[in-house]
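Asker: Residues per chain are reported as follows:
Protein chains: 2
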Amino acid sequence: MSMLTEMGKQAKEAAVVLSVLPTPRKNKALCHAADALLAAKDEILAANKADVEAAVAAGIKGAFIDRLTLTEKRLQEMADGLRQVASLDDPVGKVLSMKTLDNGLIIGQKRVPMGVIGIIFEARPNVTADAFGLCLKAGSAVILRGGKEAIGTNKKVVSVFQKALEEEGLPGACVQIVQDTNRETANEMMRLNGYLDLLIPRGGAGLIQNVVQNSTVPVIQTGVGNCHVYVDESADLEKAVRIVINAKTQRPGVCNACESLLVHESLKDTFLPMIGKALQEKQVEIRGDEDTCARVPGAVAATEEDWATEYEDYIISTRVVKDLDEAINHIRRYSTGHSEAIVTENYTNAQRFLNEVDAAAVYVNASTRFTDGGQFGFGAEIGISTQKLHARGPMGLTELTTTKYIIYGDGQIRE
Amino acid sequence: MSMLTEMGKQAKEAAVVLSVLPTPRKNKALCHAADALLAAKDEILAANKADVEAAVAAGIKGAFIDRLTLTEKRLQEMADGLRQVASLDDPVGKVLSMKTLDNGLIIGQKRVPMGVIGIIFEARPNVTADAFGLCLKAGSAVILRGGKEAIGTNKKVVSVFQKALEEEGLPGACVQIVQDTNRETANEMMRLNGYLDLLIPRGGAGLIQNVVQNSTVPVIQTGVGNCHVYVDESADLEKAVRIVINAKTQRPGVCNACESLLVHESLKDTFLPMIGKALQEKQVEIRGDEDTCARVPGAVAATEEDWATEYEDYIISTRVVKDLDEAINHIRRYSTGHSEAIVTENYTNAQRFLNEVDAAAVYVNASTRFTDGGQFGFGAEIGISTQKLHARGPMGLTELTTTKYIIYGDGQIRE
Numbered sequence: 001m002s003m004l005t006e007m008g009k010q011a012k013e014a015a016v017v018l019s020v021l022p023t024p025r026k027n028k029a030l031c032h033a034a035d036a037l038l039a040a041k042d043e044i045l046a047a048n049k050a051d052v053e054a055a056v057a058a059g060i061k062g063a064f065i066d067r068l069t070l071t072e073k074r075l076q077e078m079a080d081g082l083r084q085v086a087s088l089d090d091p092v093g094k095v096l097s098m099k100t101l102d103n104g105l106i107i108g109q110k111r112v113p114m115g116v117i118g119i120i121f122e123a124r125p126n127v128t129a130d131a132f133g134l135c136l137k138a139g140s141a142v143i144l145r146g147g148k149e150a151i152g153t154n155k156k157v158v159s160v161f162q163k164a165l166e167e168e169g170l171p172g173a174c175v176q177i178v179q180d181t182n183r184e185t186a187n188e189m190m191r192l193n194g195y196l197d198l199l200i201p202r203g204g205a206g207l208i209q210n211v212v213q214n215s216t217v218p219v220i221q222t223g224v225g226n227c228h229v230y231v232d233e234s235a236d237l238e239k240a241v242r243i244v245i246n247a248k249t250q251r252p253g254v255c256n257a258c259e260s261l262l263v264h265e266s267l268k269d270t271f272l273p274m275i276g277k278a279l280q281e282k283q284v285e286i287r288g289d290e291d292t293c294a295r296v297p298g299a300v301a302a303t304e305e306d307w308a309t310e311y312e313d314y315i316i317s318t319r320v321v322k323d324l325d326e327a328i329n330h331i332r333r334y335s336t337g338h339s340e341a342i343v344t345e346n347y348t349n350a351q352r353f354l355n356e357v358d359a360a361a362v363y364v365n366a367s368t369r370f371t372d373g374g375q376f377g378f379g380a381e382i383g384i385s386t387q388k389l390h391a392r393g394p395m396g397l398t399e400l401t402t403t404k405y406i407i408y409g410d411g412q413i414r415e
Numbered sequence: 001m002s003m004l005t006e007m008g009k010q011a012k013e014a015a016v017v018l019s020v021l022p023t024p025r026k027n028k029a030l031c032h033a034a035d036a037l038l039a040a041k042d043e044i045l046a047a048n049k050a051d052v053e054a055a056v057a058a059g060i061k062g063a064f065i066d067r068l069t070l071t072e073k074r075l076q077e078m079a080d081g082l083r084q085v086a087s088l089d090d091p092v093g094k095v096l097s098m099k100t101l102d103n104g105l106i107i108g109q110k111r112v113p114m115g116v117i118g119i120i121f122e123a124r125p126n127v128t129a130d131a132f133g134l135c136l137k138a139g140s141a142v143i144l145r146g147g148k149e150a151i152g153t154n155k156k157v158v159s160v161f162q163k164a165l166e167e168e169g170l171p172g173a174c175v176q177i178v179q180d181t182n183r184e185t186a187n188e189m190m191r192l193n194g195y196l197d198l199l200i201p202r203g204g205a206g207l208i209q210n211v212v213q214n215s216t217v218p219v220i221q222t223g224v225g226n227c228h229v230y231v232d233e234s235a236d237l238e239k240a241v242r243i244v245i246n247a248k249t250q251r252p253g254v255c256n257a258c259e260s261l262l263v264h265e266s267l268k269d270t271f272l273p274m275i276g277k278a279l280q281e282k283q284v285e286i287r288g289d290e291d292t293c294a295r296v297p298g299a300v301a302a303t304e305e306d307w308a309t310e311y312e313d314y315i316i317s318t319r320v321v322k323d324l325d326e327a328i329n330h331i332r333r334y335s336t337g338h339s340e341a342i343v344t345e346n347y348t349n350a351q352r353f354l355n356e357v358d359a360a361a362v363y364v365n366a367s368t369r370f371t372d373g374g375q376f377g378f379g380a381e382i383g384i385s386t387q388k389l390h391a392r393g394p395m396g397l398t399e400l401t402t403t404k405y406i407i408y409g410d411g412q413i414r415e
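Line by line, the protein sequences give chains G and H.
What the first sequence shows, in UniProt numbering, is residues 1 to 415, in sequence order.
What the second sequence shows, in UniProt numbering, is residues 1 to 415, in sequence order.
Please keep in mind that the hints were generated in silico from the structure rather than gathered at the bench.
Being a predicted model, the structure only gives us computed values, none of them experimental.
One should not assume that every hint holds.
[What the hints assert, rightly or not] If the Cβ cut is set under 8 Å, some of the chain G residues that face chain H in the computed set are:
1. Arg25
2. Asp197
3. Val241
4. Asn246
5. Thr249
6. Gln250
7. Gly253
8. Val254
9. Arg333
10. Tyr334
11. Tyr347
12. Arg369
13. Ala380
14. Gln412
By construction, the Cβ of each residue, glycine as well, lies at the ideal position given by its N, Cα and C atoms.
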């Protein structure tokens, strides 16, 4: 039996215990895990320091190192996150509907845990705590496979959680971390049918594509966002500037940031110069079509590739469209189905955009940056689904569960 | 561009039209398609006759030929099925929840069509009509890939539907059939990312395993059912006999039929001989453990393999268990998560079985044969999901849709 099959087996056994665990016991375990995390602060920070030093020595730089690094403040946030999950409503056990058939059978649809969830992620130790907390509260065991640069930190954090669980009388295998971070363990996890009920990749486009291409277990695809803001003929230009600047620059490196701006033809001489200047003041590079380049000094010509690119940076592609239809068609062609916005004062155009644009979140007169579990009021999220199966948009606790039918009979047989 | 990519492209364009089509127009198109099906009766039956003759000439026999064969009655049932789908509630457009956040954003979650659905199925021409009807009503275009033995019939039926759609002013590409039924087209369909939002295999275990193993598009796994009935210590034995006989023999070849019987130890001298006799009177072969074989004359010894086998035939495996825990553990080990039943008069055991057994449908005192979209009141079904992602149990129109978030703002930006 391979190491992963053995982990799968233990996770399944733990999942049986979790599936019927009362909410207060799950909450108590989460709060205990939060305390244990802070109590083990010194050991965890030491393990993390070793991970960071090894990564720096290997020539890794910049944002990657920042995401890998834990501080006392970040550990505190991880512990707070676990306590917040404890405070959320438990979705498990909710009966979504119940009806009595003519033959007297009573059929209910009840929310139940998924079972065993796998999560493959990059070198961000905070994801270890988030994923553990959300999966536990949703009643599922989790097998984590994090990036190799964070393995020392992750092993330490997970062992702290396991000890806390055992002190609560729960199986440590409610959370497990794959110790061996080579490519084979990730591939084996993608094919762990019979053990994993769901696999979620969290990370960049490369990781997600690899999981989608190679998994035989059910997958929820998260993340890539080539998001558009379309400024319609009737837009309030002041709102439009505020929304575009926020959607592009409030945090450019995330999936719900705006990557492409579409402007109605009638606004090309008014709005384009105005937004061009405002974006450039925020150090945003503008890659535009001919109309844009003619009106925004410093804009460079966009190529076909630009329309399809998620920059995650201070860059925006910009194009003039002749009407709403052209805007919708452009979005249909290049959108990754994440978040799309229209700025308009026209009722019919607002409704048409909401109806006709096919994305996880479609906005009228608001920034695309709101597509987020916290902002939507879920309390916490495990990622943002950009596929249409099971969950679409921010995924909270409910999206980590499934349902089953429970049927109360009195001897009914089928005629 | 390959044939399937071209079909995918046309399906996506048709899906745009379907996604905003008012319900009455979908219903009218379905009724028109039903009429057209009956009007083309002679041509369809002629095409089917040629398919059946070719299959017989190729040495195919039995139930396969029966499923392949269309008659006037079956065509009438296909047409009636389309009219029935027209009469069902349209799930598209339903707003599942809507709330106003503190910042004034109004966030709604709205049910929307899936987009393009692929269905791979075996040589059963009635599935062509069922799948077309359900997908159209759910607002999605469908690409069908049926078994090669039915290709002549399927091409004829689909061309009748396409003509009917065009007469209703709708794109014919709302329904398409893959003309080339070699293995490569099935494999290409499983990897049609960017075109297929969902792929559903309908058929035997081999087909389903092939799709699960090779698909990169999101899949809903349907079907395999190794279903158990557990007769508890306190069972009403008359009810228990009625339920076991119904679950095993009312239609043994389907996925919700009972394959395995578990009997509480205390009933081994009373219930076992009674049910043994009743099953044998229905020509059911009994493969039992030692206790069973000692008490049911004619029963043969079960092997380990029997416990895991979905016979789909007049065969049942039978075992004595010492208590509810042993019954639940046996089910946990061998169940395919389809339908599981307990027969008991004990309240606590009933509740424990409902809570602790992990399956799409869990029954107390009723036959497993009720796991069916029609029986559950869905009006029609596209299959029975045995996975936990997206849909679990019978899938009706709702399960063929997804959701999107619609957000009404007034200039909100993220702080």
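Asker: Is the shortest C-beta separation between G:Gln250 and chain H less than 8 Å?
Answerer: Nearest chain H Cβ about 6 Å off; hint holds.
Asker: Close enough to count: is the Cβ of G:Tyr334 nearer than 8 Å to one in chain H?
Answerer: 12 Å, violated
Asker: Should the interface hint for G:Arg25 be scored as holding, given a Cβ-Cβ cut-off of 8 Å against chain H?
Answerer: 15 Å, violated
Asker: Double-check G:Arg369 for me: the hint is only fine if its C-beta lies closer than 8 Å to a C-beta in chain H.
Answerer: 4 Å, holds
Asker: Under 8 Å, Cβ to Cβ, is where G:Ala380 needs to be relative to chain H, so tell me if that hint holds or is violated.
Answerer: 16 Å, violated
Asker: Have a go at the G:Val241 hint: is there a Cβ in chain H nearer than 8 Å to its own Cβ?
Answerer: 10 Å, violated
Asker: For the hint on G:Asn246, does the least C-beta distance to chain H fall short of 8 Å?
Answerer: Holds: closest Cβ of chain H sits about 4 Å from G:Asn246, inside 8 Å.
Asker: Holds or violated: G:Val254 as interface residue toward chain H, Cβ cutoff 8 Å?
Answerer: Hint violated; G:Val254 Cβ to chain H Cβ min 10 Å, cut 8 Å.
Asker: Please check whether G:Gly253 passes as an interface residue: C-beta within 8 Å of a C-beta belonging to chain H.
Answerer: 14 Å, violated
Asker: Does G:Asp197 meet its interface restraint, that is, does its C-beta lie within less than 8 Å of any C-beta in chain H?
Answerer: Result: holds, 5 Å to nearest chain H Cβ.
Asker: Please check whether G:Gln412 passes as an interface residue: C-beta within 8 Å of a C-beta belonging to chain H.
Answerer: Because about 4 Å separates G:Gln412 from the closest Cβ in chain H, which is inside the 8 Å limit, the hint holds.
Asker: Hold the hint about G:Tyr347 up to the distance rule: shortest CB distance to chain H must be less than 8 Å.
Answerer: Since chain H brings no Cβ nearer than about 11 Å to G:Tyr347, farther than 8 Å, the hint is violated.
Consistency note: the structure conflicts with the earlier hints numbered 1, 3, 5, 7, 8, 9, 10, 11, 13.
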